[in-house]
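Q: These protein sequence lines map, in sequence, to chains G and E. Residue 366, in this note's numbering, is where the first sequence stops; the numbers in between run on with no holes. Residue 1503, in this note's numbering, is where the second sequence stops; the numbers in between run on with no holes.
Rather than coming from a laboratory, the hints here were simulated on the basis of the structure. Note that beta-carbon positions come from the ideal geometry of N, C-alpha and C, so glycine has one too. Zero decoy hints are in this set.
Pulled a few chain E residues facing chain G out of the computed Cβ check, cut under 10 Å:
no.: 1; residue: Gly1468
no.: 2; residue: Ile1477
no.: 3; residue: Gly1483
no.: 4; residue: Thr1499
With a straight-line cut-off of 27 Å between C-alpha atoms, the simulated DSS-like cross-links for lysine-lysine are:
no.: 5; chain 1: G; residue 1: Lys30; chain 2: E; residue 2: Lys1465
no.: 6; chain 1: G; residue 1: Lys114; chain 2: E; residue 2: Lys1465
no.: 7; chain 1: E; residue 1: Lys1456; chain 2: G; residue 2: Lys68
no.: 8; chain 1: G; residue 1: Lys326; chain 2: G; residue 2: Lys304
no.: 9; chain 1: E; residue 1: Lys1436; chain 2: E; residue 2: Lys1228
no.: 10; chain 1: E; residue 1: Lys1328; chain 2: E; residue 2: Lys1193
no.: 11; chain 1: E; residue 1: Lys1436; chain 2: E; residue 2: Lys1193
no.: 12; chain 1: G; residue 1: Lys30; chain 2: E; residue 2: Lys1501
no.: 13; chain 1: G; residue 1: Lys53; chain 2: G; residue 2: Lys308
no.: 14; chain 1: G; residue 1: Lys68; chain 2: E; residue 2: Lys1465
no.: 15; chain 1: E; residue 1: Lys1127; chain 2: E; residue 2: Lys1144
no.: 16; chain 1: E; residue 1: Lys1436; chain 2: E; residue 2: Lys1323
no.: 17; chain 1: E; residue 1: Lys1228; chain 2: E; residue 2: Lys1422
no.: 18; chain 1: G; residue 1: Lys68; chain 2: E; residue 2: Lys1401
no.: 19; chain 1: E; residue 1: Lys1501; chain 2: G; residue 2: Lys68
no.: 20; chain 1: E; residue 1: Lys1465; chain 2: G; residue 2: Lys117
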Amino acid sequence: MSEQSELARNQTASIIRTKIGEPILRQLQKGQVPELEILSRSMENVDFDENAKLLKLGSKKTTRRMSKLSEIRPFMQTVLIANSIIEAKREGQVVTLRDVYYANVSPMTGSSQKTLKSQEESNVIIQDLEVMTGLLREQMGIIADAKGSLVGPLTIKSRGDVIPCSKQGDGAWSIPSMVDDVEFLDTSAKFVLVIEKGTAFQRLNYGRWWKKHNAIMVEGGGQPDRGTRRMVKRLNEELGLPVFVCCDADPYGWHIYSVYRFGSMSLAYTFEMLACPKARFIGISASDIYKYRIPKEGLLKAEKADLKRAEDMLKYPWFKDEFWQKELKLFLRRQQKSEIEALSRHSYKFLAETYLPDKLREHGVL
Amino acid sequence: MAQSFEEISAADFFYRNRDIAGFTNPARAIFSSLRELVENALDASDLSNIPPDIYVRLSQEDGAETEEVAVYKMRVEDNGSGIPPRHIPSAFGQVLYGSKYKLKQTRGTFGLGGKMAVLYGQITTHKPVFIASSTGTPRIHGYKLMIDIQRNRPLIMERKDYLNRERWHGTIVEFCLEGDYYRAKSKILEYLKQTALVTPYANIIFTDPKGMFYRFTRGTAEMPPPPKETLPHPYGVDVENIQRLIRVTPCRNILEFMKTHFHRVGENIARRFLEFSGIREKRNPKKMKPQEVVKLVQMMKRFNGFLPPDASCLSPLGEELLKTGILKELKPAFAAVRQRRPATYSGHPFVVETAIAYGGNIPKRNDIQVYRFANRIPLLYDEASDVSVSVIRSINWRRYKVSPETPIIILTHVCSTKVPYKTVGKEFIADRPEVKKEILNGIREVARQLQRFLTKREYAESQRKRLGIYDIYGPIISRSVGGIVGLPQDEIQNLIDITLKRQ
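With the hints as extra help, turn the sequences into a complete structure.
A: Shown next as structure tokens:
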């Protein structure tokens, strides 16, 4: 378990106090109308380091001044929700984003407005608090829908329960929102396979593929939630296991790979906590469609949305390398896509016994 | 003008060309008649220097109330100087006869308006006009007159004197005319309102054919100093003017002639001018040949040694009176007025007054409203062609914090011995560069005052809003910050209050 995040989690209250409460108090004591400084989360303030393949927030700051008519409302919302997080911690409660909204929306005396217009507003404030405190909202005790699962030769400890992830029958262990509470006890795995689709994951699990290849299999239910991403990152960084991502041969699938690998521009500040820069892509790429000769009948025609997304991805800083530019352009030229399951056109065993071993061998883990 | 048309009488000429004097149609005719008589009445009281009480009554003559063209009886009473009895018949019964052909500022200048109304009444109803007037003598002189149009002579139908125990002075005019009051109503009311604004020392009462009673009460008894008569300026005369002067002058040499008949021409300037023109000082003006007169006029335009005309002959309203008028008739939240220094164009002195009124009872229109005045007459027609309007359109109003929704009225007042009207109808002022410049600068001055007012108010508004905002957000902020740092809310709220008080 990461000691740093353990510390952070338990000290949520004191971090909010030193980073938000005390500066305000000091300004008031000096007779200044208080203001808060936040690193800007706007696109212009996101840097992509080409060499290290890292996303980082720049140094541009925005201020929230209590003296400004246009800024006093977000200023109020920031301290309101910060205080509410501390209260939840004090009561030992784990809460959802929606809980936070309902707990803090209230009428204001002397105004027709409410403290919060919608959950959207409190969600944005929570993102600001993440940037200000350097804590993930999960570390502050705010959770969201968790939908990822994991299976393989890994023993963990969660809330005092020792759980062998290899003994889940035909099911798998559900990855919780607050992954930092999970302690890794032991593993014999050699690598991690992240597979986009629940169905493909299940088929491989029925076949005990992970046992045969001594792997941990993770599935995020399509677009992965933050818990799943944090889990993959921890498996990679704390256990030193190489991570491979396999997804559909379409822009949506490739985007999912990039979420594991980089996160998103709009949440660039979570890169350090959630992105797994060492994750590697093992297809299915556009060129794999033709390399593995997926028959014509197994191919789908790209839709407008696919083409639009591919066009956008050409401009992502992390897709600027030769490999991805070539792949995306190939896709745009041929306008064909394919699902993982289409490999079954060759045979039902093709994914498990030919495609994956092939790809993993290329990367030297098999 | 009178000379050029000696073949037909002046009355006949205007009878044939009544359109040019503003009698185009029944609605316009009733408006113009009322306006001309009210202006005569106001001019009469300016002369006597007594705050005017004007009473105007319009009643329908032929009984049946229709919305169509009908015969109306118009009665206008004033408490002005009155007309000496021997002048009464000509003053109302002879076109182009009057007291206004001298060079000083009066409301009308043709001496035509009142008679035109009477003439129009006569040709549409064939009824005589009734005049009663007294200069404060023991008698009031009453006349019933008609105009002999072909001979341009008054026909006295009836004459009667009344005893004047109270030494009343003033004039009453009553006559019938065909008109369309219902189409003219809004213009008439607008005219009276603007007249009351620019004549804030007058009481004006108007009863309309339906018996509606409109009253414009004076806001002050103070009157602007009356204008003085003045001589023509050499820059402003033409050959015809000179020839008329020659006919009446007692001067036997041109040097005396120049000194006697022109504005701001003394011995020295007259000498230098004659030298410049190559005219002998001893030349007898009565013996000058036509081409000599033409040369004299040409030289007058070319000589740059004349002094500019002074403005003593003008009677602008003055900033204080203009403001009084604006406040009483428009009831704005803010008003700024400005009188420019006298200037001249082509030898005619003029003074521009400008004002801006904002907010209060002024309604929001999606455009700036303009009230135009010339020699204290409101100008209501042909607004789009007026120099003031083109000046206002040329200004970037956003610089003065004025948007199309801002409720403002801009007033311009041009006073001159010769207002540069573009047409005979006297409804809009021509684009003279000198006049345009004065109007532009005048409007800018009042616009800057408005801008300062709006800025100040905006600041006060945002201060008030800010304080209100603190009342709303302050308690939530103090409770939350208190919770975060572990201090009671009151303590934080105190700190906030102290800090805000210092700002």
